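Visitor: Residue-level listing of the chains:
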Amino acid sequence: MARAERQAMYGKGKEYWRRLLIDVAKNKWLYIMLIPGVIYFLVFKYLPMWGIIIGFENYAPFLGPLKSEWRGLYWFQRFFATRKWWDYLRNTLVLSFMSIILTFPAPIILALMLNEIRNIHFKKITQTLLYVPHFISIVIVVSITYVIFGADGIIYKLTTQMLGHSIDYLGDPGVFRWMIVGQSIWKETGWGTIIFLAALTNVDTQLYEAAMIDGANRAQRLWHITLPAIRSTVVLMLVLRMGSVLDTGYEHLILMSNSLNRSVSQTLDVFVYQNGIVNGQYSYTTAVGLMKSLVSVIMVVSANKVAHMLGEEGLY
Amino acid sequence: MAKKDKQEINSVQLNGKTVTITNGPVGVYRTAGSVVFDIFNYLIITLVALTTVLPIIYIIFNSFATELELQTRSMFIIPHTWSLDAYRYIFASNKILRSFGNSILITVCGTAINLFCTVTMAYPLSKKYLRGRSALHNMVIISMFFSGGMIPGYIVVSSWLGLRGTYWALLLPGAISAYNMMIVKNFFAGIPQELEESAHLDGCNDLTTLARIVLPLSLPVLATFGLFYAVGHWNSYFGAMIYLTDDKMYPLQLILRNIIVTAEASAGDMSLMDPNFVEPPKESIKMAVIVVATVPIMCIYPFLQKYFVKGVMVGALKG
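Line order of the protein sequences matches chains V and X. The numbering used here puts the first residue of the first sequence at 1, with every later residue one more than the last. The numbering used here puts the first residue of the second sequence at 1001, with every later residue one more than the last.
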């Protein structure tokens, strides 16, 4: 609201404060209700943002963030001096792009396929089954993987018989990323279709009828009607996904990582968890985490720019 | 039958031919290619749907198998002999039973806190005349796109607030999901203003209006988000892993992780058991714990699926 407008509404100077007090008194219950929520956001969202300051200090818990020694950009320099930073970044980017390329289109394809199903009962039953894995915790997904792909597991035995040699699904660094991406696809593809199916229900069926009268076959209808209908949803989801391009799902990764696949399972997230929470190098890992957050913001903003250039609404 | 009639209403006369049009993207007037596509489409979707449930069914069946069968028969889905040994062991084990109780406690308390904070914040924000509304709105939006990161969040909870080792560390940091709160706020804003005004005339203040008028009207929405929050609490292990210090307080998911992922046999727990107890069947125990941890969600899932889907749709269309 412009300042002049606000002054016209509420007056200025003393008058402004008087009116404000009256308003607050009139709506006192609304303001009282806001207290828990506002405290929550300040303490659990904004206090940690201020806490980023320890990434520029040599944080000592007993001194607190105000009295700890100021180190400037020391931790950032130290990270790039280790030369292992490239391994972490590479692992992060490879896993992330693999998962974008493979997991992002999966729900779109599945939604388009479901959209072509005419038998309502079949559609309902399959959808019910497809949504199940979303509600299964990552610990259980990984546990099922251990049981099925482990040395006593059915898939391990099956592939050993078929190939004549065994594949170490849980330890082999070459298989690791495929396992992670596979688990994500198994868990979230069905659930991911909902948003695209929702977009598809908004398509005016008259468009299809008109296209059929014009002689469009199924592929042409898909290309000219269905795909444009979900285009903006796809772009929006992709912009959102780009924001988390450096998030590799540490809760998932630390369950799957072990000493054998360390060379590929160590992403920035896992690095921050291992060195920060496990080893207590708070300042160092806060600095690394900050770089990650900044990249995310930059990615969202630029992906949104690209979306605008493509003529889409984007995120904002 | 009625459905079929409805589908065949749209018949169009075109160049002397009758073209029948169905309600969806697929016409009744079909080419061979279209039929082949349909067959493959049904086939692939059936396969995909089976892949999602087969691993779960496999685990459930195998949890009832005897350890001997698991070791001797190399591959099977349905066991020859059924046994409840694994479950007997689980329900005799303090550790697993206690963690089951812990998970229920965390889920119930956590969801109550979530709903309370979400509703009390969403309701005032849904009032357009509230002063300071846009500032609070921005505060929420910014927190959705930028965060302090894992370590500052951990330090705030564990050392600055001193919540380490208590359940508060699991319940409070996620008390409000900004995304869910915005959707609930949009829903509240859609409730006709007249209802609330008449409640005010009858002597209600904002608090009683919320409790007596708005909340009863929002039950489906509250059920949806309550369930999202509840599933989130039931399924989480990370908070418990980093914040809890006493393993008597561990939730089921963390115990499951310790049993399977880190392959820590619950040796300490076994020694407490009756010495006459048979050596626990290890492989089937893993499967039985997986089943026990999944069952509560699978039990409520069929009833609540429609709410879940509705919740996502609301978010998709308005968010």
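Simulated from the structure, these hints should not be mistaken for lab results. Some clues are possibly wrong.
Straight-line C-alpha distance at most 25 Å; calculated DSS-like pairs for lysine-lysine [stated by the list, open to error]:
hint, chain 1, residue 1, chain 2, residue 2
1, V, Lys123, X, Lys1248
2, V, Lys26, X, Lys1128
3, V, Lys14, V, Lys26
4, V, Lys28, V, Lys14
5, X, Lys1095, X, Lys1127
6, X, Lys1127, V, Lys26
7, X, Lys1127, X, Lys1306
8, X, Lys1282, V, Lys157
9, X, Lys1306, X, Lys1095
10, V, Lys28, X, Lys1248
11, V, Lys28, X, Lys1282
12, X, Lys1306, V, Lys124
Here are a few chain X residues that sit away from chain V, every Cβ distance over 12 Å (derived from the structure) [stated by the list, open to error]:
hint, residue
13, Val1108
14, Asp1206
15, Asp1247
This structure is a prediction, so every number in the text was calculated from the model and none was measured. Each residue gets a CB set at the ideal place from its N, CA and C atoms; glycine is no exception.
Visitor: Confirm or reject each hint.
Guide: Comparing the hints with the structure gives:
1. This hinted pair does not check out: lysine 123 of chain V and lysine 1248 of chain X have alpha carbons roughly 45 Å apart, beyond 25 Å.
2. Distance restraint check for lysine 26 of chain V and lysine 1128 of chain X: the Cα-Cα separation of roughly 15 Å lies within the 25 Å cut-off, and the hinted pair is therefore satisfied.
3. At most 25 Å may separate the alpha-carbon atoms for a hinted pair to count; lysine 14 of chain V and lysine 26 of chain V meet this at roughly 18 Å.
4. Between the alpha carbons of lysine 28 of chain V and lysine 14 of chain V the distance comes to roughly 21 Å, so the proposed pair stays at or under 25 Å and holds.
5. Restraint check: the Cα-Cα separation between lysine 1095 of chain X and lysine 1127 of chain X comes to about 48 Å, which exceeds 25 Å; the hinted pair is violated.
6. Note on lysine 1127 of chain X and lysine 26 of chain V: the hinted pairing holds, with a Cα-Cα distance of about 13 Å set against a maximum of 25 Å.
7. With a CA separation close to 29 Å, the supplied pair lysine 1127 of chain X and lysine 1306 of chain X exceeds the 25 Å bound.
8. At roughly 19 Å between alpha-carbon atoms, lysine 1282 of chain X and lysine 157 of chain V fall within 25 Å of each other, so this suggested pair holds.
9. Restraint check: the Cα-Cα separation between lysine 1306 of chain X and lysine 1095 of chain X comes to about 35 Å, which exceeds 25 Å; the hinted pair is violated.
10. Distance hint between lysine 28 of chain V and lysine 1248 of chain X is unfulfilled; the C-alpha atoms sit about 43 Å from each other, more than 25 Å.
11. Taken as a hint, the lysine 28 of chain V and lysine 1282 of chain X pair is broken in the structure, with Cα atoms around 60 Å apart against an allowance of 25 Å.
12. For the suggested pair lysine 1306 of chain X and lysine 124 of chain V, the alpha carbons sit about 11 Å apart, so the restraint of at most 25 Å is met.
13. The Cβ of valine 1108 of chain X lies farther than 12 Å from every Cβ of chain V, with a closest approach of about 17 Å, so its non-interface assignment holds.
14. Distance check for aspartate 1206 of chain X against chain V: the nearest CB is about 4 Å away, which does not clear 12 Å, and the non-interface claim fails.
15. No beta-carbon of chain V comes within 12 Å of the beta-carbon of aspartate 1247 of chain X; the shortest separation is about 16 Å.
Going down the numbered hints, you'll see the structure goes against 1, 5, 7, 9, 10, 11 and 14, while the others check out.
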